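2 protein chains.
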Amino acid sequence: MVPLNEEMILNAVAADNGRLPSTVLIRPGDDMALLEWPSNRLLCAVDQVVVGVHVTTSTPIELIARKAVARNLSDVAAMGALPVAILACATLPVAMTQEAAHELLASVRQWGREFGAPLIGGDTTIHTDVAAPLVLSITVLATPRTDGIVVTRSGACVGDLLIVSGALGGSFGEEGLGRHLTFTPRVRAAQTLIDALGTRVHAMMDLSDGLGVDSGRMMHASSQKGGCALQAQFLAEQIPCQCGVTLSCALGDGEDYELLAAIDGRAAAPSGFTVVGQVVARAESDPRLAVVLIGDECEDATQLGWTHGSK
Amino acid sequence: MVPLNEEMILNAVAADNGRLPSTVLIRPGDDMALLEWPSNRLLCAVDQVVVGVHVTTSTPIELIARKAVARNLSDVAAMGALPVAILACATLPVAMTQEAAHELLASVRQWGREFGAPLIGGDTTIHTDVAAPLVLSITVLATPRTDGIVVTRSGACVGDLLIVSGALGGSFGEEGLGRHLTFTPRVRAAQTLIDALGTRVHAMMDLSDGLGVDSGRMMHASSQKGGCALQAQFLAEQIPCQCGVTLSCALGDGEDYELLAAIDGRAAAPSGFTVVGQVVARAESDPRLAVVLIGDECEDATQLGWTHGSK
Chain A
1 MVPLNEEMIL NAVAADNGRL PSTVLIRPGD DMALLEWPSN RLLCAVDQVV
51 VGVHVTTSTP IELIARKAVA RNLSDVAAMG ALPVAILACA TLPVAMTQEA
101 AHELLASVRQ WGREFGAPLI GGDTTIHTDV AAPLVLSITV LATPRTDGIV
151 VTRSGACVGD LLIVSGALGG SFGEEGLGRH LTFTPRVRAA QTLIDALGTR
201 VHAMMDLSDG LGVDSGRMMH ASSQKGGCAL QAQFLAEQIP CQCGVTLSCA
251 LGDGEDYELL AAIDGRAAAP SGFTVVGQVV ARAESDPRLA VVLIGDECED
301 ATQLGWTHGS K
Chain B
1 MVPLNEEMIL NAVAADNGRL PSTVLIRPGD DMALLEWPSN RLLCAVDQVV
51 VGVHVTTSTP IELIARKAVA RNLSDVAAMG ALPVAILACA TLPVAMTQEA
101 AHELLASVRQ WGREFGAPLI GGDTTIHTDV AAPLVLSITV LATPRTDGIV
151 VTRSGACVGD LLIVSGALGG SFGEEGLGRH LTFTPRVRAA QTLIDALGTR
201 VHAMMDLSDG LGVDSGRMMH ASSQKGGCAL QAQFLAEQIP CQCGVTLSCA
251 LGDGEDYELL AAIDGRAAAP SGFTVVGQVV ARAESDPRLA VVLIGDECED
301 ATQLGWTHGS K
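The listed protein sequences derive, respectively, from chains A and B.
Under the working numbering, the residue at position 287 of the first sequence is numbered 287, and the numbers go up by one with no gaps.
Under the working numbering, the residue at position 80 of the second sequence is numbered 80, and the numbers go up by one with no gaps.
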């Protein structure tokens with residue numbers, strides 16, 4: 001068991017430089033990486049996985065790395081963009097072994113490559129507090145499609161159909177080892193959707209806090225942008241639930257990492273997507289951003305989601 | 001005292017969107033930010049500040065934010081590049097107040113703007129472990145100069161002069177409240193240097209682990225690149241020491257965040273830079289990457305620096 005040493009970890013990262021694409025002109029080992037940039041637009045985001053928050057102390061290291069990378073690629077999918085590269089920033093627990101640190105970074109690199117976003121830079125530090133957990137943040141860089149289409153979450157209109165890319169709910173799984181650790185970011189599904197519908201894809205986002213809460217966010221953003229109060233209206237029987245998952249969990253559980261899109265009401269959802277509802281005008285007296293119709297009942301769908309830090 | 005709530009923090013970040021430059025086409029609040037990119041090259045890096053490692057629990061929040069931003073801008077300076085934007089990823093202690101979290105992000109934004117790199121995105125999470133410290137990682141995006149010059153750390157040659165941009169040592173200061181919290185990244189000095197010397201600036205890096213260790217890294221990288229074993233040779237009396245700092249500390253203390261550059265031996269260092277030594281060929285029998293000449297003595301300068309995790 002080799003004790004942690006940052007320099008050895010950084011050297012191990014640089015040792016794989018030969019496998020990077022030729023568009024990476026300056027590779028790990030210098031103060032910054034230099035990339036040939038394929039367009040005159042750039043998309044970027046950062047997201048993190050913290051042990052104790054997003055994963056547990058017993059989550060295998062490879063899956064921690066995978067989740068951290070995949071969450072970011074899910075954001076790329078949500079914009080309809082194409083991934084280019086990732087950077088990783090790791091704060092390691094004092095008690096972590098050198099082998100485990102290497103495994104973490106090798107896994108980040110492997111999953112980045114697997115998902116089309118090679119690891120081009122990063123930073124590693126070791127906590128001083130013996131109880132402090134692993135923090136792994138990933139920055140992702142992406143480029144728009146060649147047709148320039150980028151899909152925000154704020155373009156939904158009255159009459160749009162709401163569609164999702166897969167079955168929802170129960171992602172955390174028994175003992176926390178569920179789909180949230182093994183999902184594939186929907187980069188290809190997003191491209192298929194835009195290939196088929198072009199600018200008739202009005203709004204898109206990935207589902208991280210549950211369909212109820214997240215659709216409410218899309219309605220909020222789109223209402224602000226369009227100047228018209230919107231509401232997401234779901235039909236209970238149309239929502240694809242994961243096996244053994246209740247409707248309430250399908251609407252309320254977080255970490256599905258499926259796509260939610262609002263498409264032109266006259267368009268047909270391509271294969272792989274399910275229509276789950278529509279966008280309607282919201283009455284002034286109705287504060288609800290998302291509702292679900294269950295028989296004759298109409299329930300607030302935003303009360304079921306998982307908001308970080310409030311629970 | 002308001003308890004922490006991530007969504008309120010994110011909303012506060014988005015509330016300042018109106019002040020972002022018009023080149024930020026999609027602003028905080030969506031899954032990713034979208035930027036007009038000013039060239040066909042992109043530089044990026046990520047660096048972090050962790051309470052207990054880089055700052056203490058008593059460091060004022062504004063200075064934690066400042067240091068996190070400034071460290072990254074120092075990397076931009078080191079490449080001779082021009083800053084474009086930053087993203088921030090914060091893992092907040094459980095006991096942090098909402099006000100403190102807002103101050104942290106407002107400070108990141110303010111210092112980003114001050115240093116020419118507006119905050120265009122980020123992520124915030126709250127630790128579950130009550131003892132876990134604040135982790136703040138910053139990603140910086142930069143673009144090359146219009147003449148395309150980018151300076152790596154691997155271009156030093158035999159005969160080059162070694163120059164530094166300021167006085168060294170004692171950055172941590174008494175009680176840890178020294179220059180490492182308040183330095184200004186040398187972005188302008190780097191530009192002045194390249195404006196004056198162009199491609200005669202052969203190599204450059206910022207000093208984070210001490211002149212001795214860092215110059216050794218430059219020699220190592222340049223030896224590998226150029227295929228010739230190099231050594232940095234400093235003259236003790238030429239090294240600019242901060243007031244009250246010994247030579248040993250000027251060579252060995254970390255966190256100077258001054259620039260070290262190797263320039264063509266026939267060039268003159270512009271105003272603001274001091275010649276501290278030269279690059280020489282290293283004898284096969286000599287493993288030392290950097291030495292300092294003190295009178296008749298020649299000492300290993302790399303043994304004095306601060307290597308993360310080894311001390």
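Check before you lean on any hint, since a few could be wrong.
Covered stretches of chain A, as calculated for chain B (at least 3 residues, CB under 8 angstroms) [unchecked claim]:
no., region
1, 56-70
2, 88-95
3, 126-139
Computed beta-carbon distance windows for the label pairs [as the list claims (entries may be wrong)]:
no., chain 1, residue 1, chain 2, residue 2, range
4, B, Ser285, A, Gly52, 35 to 41 angstroms
5, B, Gly227, A, Pro21, 21 to 27 angstroms
6, B, Ser58, A, Pro21, 31 to 37 angstroms
7, B, Ala196, A, Gly226, 33 to 39 angstroms
8, A, Thr57, B, Val158, 22 to 28 angstroms
9, B, Gln110, A, Asp286, 38 to 44 angstroms
Calculated directly from the structure, the hints in this document are not laboratory data.
Model, not experiment: these values are computed from the prediction.
Glycine included, every Cβ here is placed at the ideal spot set by N, Cα and C.
How the hints compare with the structure:
Chain B is given as covering the region 56-70 of chain A, and this is violated because 0 residues of the stretch bring a CB closer than 8 angstroms to a CB of that chain, at least three being needed. Closer than 8 angstroms: that is the beta-carbon criterion, and the region 88-95 of chain A has 3 residues meeting it against chain B, so the requirement of 3 holds. Coverage of the region 126-139 of chain A by chain B holds [criterion: at least 3 residues with CB-CB distance below 8 angstroms; count 10]. At roughly 52 angstroms, the beta-carbon separation of Ser285/B and Gly52/A lies outside the given 35 to 41 angstroms, and the hint is violated.
Distance hint check: the CB atoms of Gly227/B and Pro21/A are about 25 angstroms apart, consistent with the given range 21 to 27 angstroms. Take Ser58/B and Pro21/A: their Cβ atoms lie about 45 angstroms apart, and the range 31 to 37 angstroms is violated. Between Ala196/B and Gly226/A the CB atoms are about 53 angstroms apart, so this pair departs from the stated range of 33 to 39 angstroms. Checked against the hint of 22 to 28 angstroms, the C-beta distance between Thr57/A and Val158/B comes to roughly 52 angstroms, which is inconsistent with it.
Checked against the hint of 38 to 44 angstroms, the pair Gln110/B and Asp286/A passes, with Cβ atoms roughly 39 angstroms apart.
Of the numbered hints listed earlier, those contradicted by the structure are 1, 4, 6, 7 and 8.
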